[in-house]
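2 protein chains.
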Amino acid sequence: MTDFSKTKAMFHLPEGVIYLDGNSLGPMPKAASARVARTIEAEWGEMLITGWNKAGWMEQPTKIGNRIARLIGAEPGTVVMGDTLSIKVYQALASALEMNPTRRVILSDTGNFPSDLYMADGLVRTLGHGYSLKTVAPEEVEAAIDETLAVTMITEVDYRTGRKHDMKALTAKAHAVGAIAVWDLAHSAGAVPVDLAGCNVDFAVGCTYKYLNSGPGGPAFIYVAPRHAETARPALSGWLGHEAPFAFDLAYRPGRGIERMRVGTPPVLQLAALEASMDIWDMAEMADVRAKSIALTDLFIALIERSCPSLTLASPRDGNGRGSQISFRHAEGYAIMQALIAHGVIGDFRAPDILRFGFTPLYIDEGDVRAAAAIIAEVMGKALWDRPEYKVRARVT
Amino acid sequence: MTDFSKTKAMFHLPEGVIYLDGNSLGPMPKAASARVARTIEAEWGEMLITGWNKAGWMEQPTKIGNRIARLIGAEPGTVVMGDTLSIKVYQALASALEMNPTRRVILSDTGNFPSDLYMADGLVRTLGHGYSLKTVAPEEVEAAIDETLAVTMITEVDYRTGRKHDMKALTAKAHAVGAIAVWDLAHSAGAVPVDLAGCNVDFAVGCTYKYLNSGPGGPAFIYVAPRHAETARPALSGWLGHEAPFAFDLAYRPGRGIERMRVGTPPVLQLAALEASMDIWDMAEMADVRAKSIALTDLFIALIERSCPSLTLASPRDGNGRGSQISFRHAEGYAIMQALIAHGVIGDFRAPDILRFGFTPLYIDEGDVRAAAAIIAEVMGKALWDRPEYKVRARVT
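Protein sequences appear in the order of chains A and B. Read in order, the letters of the first sequence are residues 277 to 673 in the working numbering. Read in order, the letters of the second sequence are residues 277 to 673 in the working numbering.
Next up, chain A with everything else stripped away, as it sits in the complex (with noise of 0.2 angstroms):
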């Protein structure tokens, strides 16, 4: 069983608030600031160039990419991290379309997040020839997969409302139709059990600065499954992904398995970050994170339908069908979210309406959703949010 007071000790999470964000970004691991900084001193510091073998910065994007497989029911060898998603995600599109030449869709939906879509269509302009990117609407996916796709390309819980596509199903549809399927787990790696290999997952990347907790800008992941590891060609085919970095080949040959899939230097105190938090990601076991992300989030709706009726549930109520968030509707969305943050209650606020709480049970418990809830219960009551000064927007939301 996963000792969650015990994993909660492990993150610093400021005096007086309650942080309901680590969905967009997770708290600092009380041990980075040491690790990060033994990276610099004693690793950049001292060993200078030679860090690369002597503190193993080389092997850190495969090693951590294993700790990450164990949450996402990948097999050993086929995770390394590197990039941000967005980049993962065309290096993923690029290589499952490559695998597929006689097709030329790539199917999406349109609670995908943007920049998915956006990257989607970016490579798509580049192939030219045909290629286009289709989106549905996200209760449309299944019917809309067909023997005319090569690729879909799927977020698996939905960035604003937290619905939860059915993996198993979906990529069982799209095999049955020829077609490739590549996931994005951003709201799925560290939020719910993920079973990419019982699933038969194609290709799928994530990141890791929501509920993985390695800080702004923290690195991604990508995925191969196993059979195709030595035969994917990585469009984006950098020096770090070829068979022989060091030998400075003039053409290009895929390095072995999952390592083609890197590109260039990897981020190494960014990557040390991300290693504090897998220290504590190691202690837990995502049937526990599920089990009580359920609990919690089942007494945030109950606790908030009861004190403030004109909040709309935007969440499947089933706890089966949505990820570790919780979010509701309302006009006002984005004043009440900058009065609930005055408030010390931190979620965020997603155009046009969506008002986004995630619940992350290494660090958040019942106490913190009681807490939260009564907050929210009083700012919507008396109204609090109807100030002019938590209307102006800022830059990023």
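These are calculated hints, taken from the structure and not from any lab test. Any given hint could turn out to be false.
Where chains are identical, the list cannot tell them apart; a pair therefore holds if satisfied intra-copy or between any two copies.
As a list, the in silico DSS-like pairs of lysine-lysine whose alpha-carbon atoms are at most 30 angstroms apart [what the hints assert, rightly or not]: (1) K306 to K330; (2) K667 to K330; (3) K306 to K667; (4) K330 to K568; (5) K330 to K284; (6) K568 to K284; (7) K330 to K658; (8) K410 to K306; (9) K339 to K667; (10) K306 to K568; (11) K306 to K282; (12) K658 to K339; (13) K658 to K282; (14) K449 to K306; (15) K658 to K306.
Dock chain B against the given chain A, drawing on the hints supplied.
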């Protein structure tokens, strides 16, 4: 005048080491660790998600871009940080090719860093339909620039020999034949004065972990000439390059100017480390750096050629024709470099036979050069490299 004793004092240089490898990984600015710790503890730890606004994380990539712009002769607002150099090469090439749609050939040379060639290869494969990468010997580049070319992709300073291309002449020739000029400044930024605006360059890219001392895995940068800034289409169209990232539109619209070349979430911790280095760079003038660099490299050549006849100069003898490194050839280069490192002179080895030494005026002075040359003379004179332990190759060299 740049006060180099002051800049040298701002770097941590380990005892007993003469570091002639700042062209591979720059050393740690003394302020880097505290700067990153502040970002982790006071910003990430205390501000959590609000750090994107409050701590200015979202503006870091353009703010730092402007500080680098001064060092490379770029106009304000034309440089932005992010990703790795390989990704930025792909991004610049893809935009450049799209601007020249009737032509399909990229020209580069065999002295280019292999990752640039690999990325170009991946891009032309993705584009298909007649796109190709043509590589010629470095000395044949000028003659090979003709009206068949869409884009020239040239690295100004050769990573092995230090040979420096004539940016102004080659860019002018590219333009004269109707090609777009993309330059890689990996061994130029912070090494030699670059005048992107004066040379009329179209796109440039570079990295920061070499002469710009951002630490292992520090982010890359990209430059787009002002005349292209509102028309260049980013193939890697990520959400932070969108005109309004937080509107979460389903359709991509490129952001204003250089902002469109952003892709995903910026690496905030790596950027903080880079800021510590830029505080030192802000005290330096590139003309002073260049004058000292030529003096140090001329001295090094003279000392080594006098004492080590078995080492053959691989760099241009004329200071104006090279970057800020000196390379020598020797069939036993690998073992020699291992022996030098064991004796306190860190340079690096580049296959098949190059011993490479970087000269970085911010923290290397005449005393260091004389001391290093004396150690090299001893290692060569007594054949101290001829031991089995120096011949075992590590993965990263």
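Each hint, compared with the structure:
| no. | hint | verdict |
| --- | --- | --- |
| 1 | K306 to K330 | both (26 angstroms within a copy, 21 angstroms between copies) |
| 2 | K667 to K330 | between (52 angstroms within a copy, 17 angstroms between copies) |
| 3 | K306 to K667 | neither (34 angstroms within a copy, 43 angstroms between copies) |
| 4 | K330 to K568 | neither (40 angstroms within a copy, 32 angstroms between copies) |
| 5 | K330 to K284 | between (33 angstroms within a copy, 26 angstroms between copies) |
| 6 | K568 to K284 | within (13 angstroms within a copy, 54 angstroms between copies) |
| 7 | K330 to K658 | between (60 angstroms within a copy, 28 angstroms between copies) |
| 8 | K410 to K306 | neither (44 angstroms within a copy, 52 angstroms between copies) |
| 9 | K339 to K667 | between (45 angstroms within a copy, 27 angstroms between copies) |
| 10 | K306 to K568 | within (22 angstroms within a copy, 44 angstroms between copies) |
| 11 | K306 to K282 | within (12 angstroms within a copy, 35 angstroms between copies) |
| 12 | K658 to K339 | neither (51 angstroms within a copy, 42 angstroms between copies) |
| 13 | K658 to K282 | neither (37 angstroms within a copy, 59 angstroms between copies) |
| 14 | K449 to K306 | neither (44 angstroms within a copy, 56 angstroms between copies) |
| 15 | K658 to K306 | neither (37 angstroms within a copy, 52 angstroms between copies) |
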